[in-house]
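In order, the protein sequences belong to chains A and B. Going by the numbering used here, the first residue of the first sequence is number 1, and it counts up by one from there. Going by the numbering used here, the first residue of the second sequence is number 1, and it counts up by one from there.
For the record, the hints were derived by calculation from the structure and aren't laboratory data. Predicted, not measured: the structure shown is a model, and the values here were computed from it. Glycine included, each C-beta is placed from N, C-alpha and C at the ideal position. Take the hints with a grain of salt, since some may be wrong.
Here are the computed lysine-lysine pairs in the DSBU-like style, where the Cα-Cα straight-line distance is at most 35 Å [to be verified]:
1) K112/A - K31/A
2) K140/B - K77/B
3) K66/B - K112/A
4) K108/B - K154/B
5) K66/B - K74/A
6) K12/A - K66/B
Cβ-to-Cβ under 7 Å is the rule here; a few derived chain A residues that face chain B [unchecked claim]:
7) C13
8) P115
9) M117
So the chains spell out like this:
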Amino acid sequence: MKLITHNMLTSKCLKGVITGYPLAITATVVKVSEVEYNPEFISRIIPKLDWEVLWKAADSIGHNEGLPQTIDPKFEDNEEFLRKAHKVLLEVEVEEGYLTCPESGRQFPITKGIPNMLLTEAEVQ
Amino acid sequence: METPKQNHIDKNDFDHVYEPAEDSYLLIDALEKDLQYLKSKNPTFCLEVGSGSGIIITAFGMVFPKAVCFSTDINFKACSMSKSTAFQNNVMLETVNMDLGSCFIENKFDVILFNPPYVVTDSDECGSFDITASWAGGVKGREVTDRMLELIPKILTVDGTFYLLLIEDNIPSEVISIMAENGFSSDVVIKRRVRNEFQLVVKFFQDKTN
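For reference, chain A alone in the conformation it holds in the complex (with noise of 0.2 Å):
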């Protein structure tokens, strides 16, 4: 699971949750790998997250690489800043460990990258 996934799941379809985001990472094994920078791709990305979200589930996992907490209005200049953006959004991966909901505390494994977001029939809202 890389973190740009993170900042898009929700446990609120948990029974009683009402946002349920972010959730919590807990990660025991994070895989970093290579991927091509590509300064235009991740500028595209980088306005449609919720970037406090994401800087503090990298800093969760000790993956925050020196990013700001905060965007620069002019980030696309910031070349710095674009592969710091890249390395954290693309390149860190949680591979075990896993999500907790910030209710109700229930637990979500990750195994072999994969979230496991599956919920009982008595879960379900």
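We have chain A already, so just place chain B on it with the hints.
This is chain B only, laid out in the frame that chain A set:
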């Protein structure tokens, strides 16, 4: 559009995951037919729900290297196969084991693809987590599809497009009216008769000129 390489898959794995068949290729053909429209939309986030072997989202990702592709499946083995299919074809794919798209935050996906379990079956055959989930559609073969239709306005972007494969038994006109009630226009992109089954792909989008 190119057909993704599948030679990494052990044939025995298809005992647990839906093996690509005419319906899978029809959805790929529909995307190819609609490529100009899709390219004009310049999609960023794309999702295939119930991706099975992963060939559809991988074929999509091969044509849209600037999109971020996601897939879900209720069957972990399918998630795992989708991930490896994408990897073998140099497509970046993020896979989540979930029911439809129920755990995504609102209105993020520009394109959503769904080849649902469409076979008409008893209701109680529907709702498993194994290979049965890939085809058993319950009443009218629509029980899973109808749940997805409810989810579409929540997870698709306002400017997004949803591609859905149906068969005649699913009563496509009913699906089109359900979506129309939610403000979606529709177009039949492609149709084909495969043995005794009449398959079609319908796309849904919000017409902002109205």
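Hint by hint, here is what the structure shows:
no. : hint            : result
1   : K112/A - K31/A  : holds, 11 Å
2   : K140/B - K77/B  : holds, 27 Å
3   : K66/B - K112/A  : holds, 25 Å
4   : K108/B - K154/B : holds, 9 Å
5   : K66/B - K74/A   : holds, 21 Å
6   : K12/A - K66/B   : holds, 29 Å
7   : C13             : holds, 4 Å
8   : P115            : holds, 5 Å
9   : M117            : holds, 4 Å
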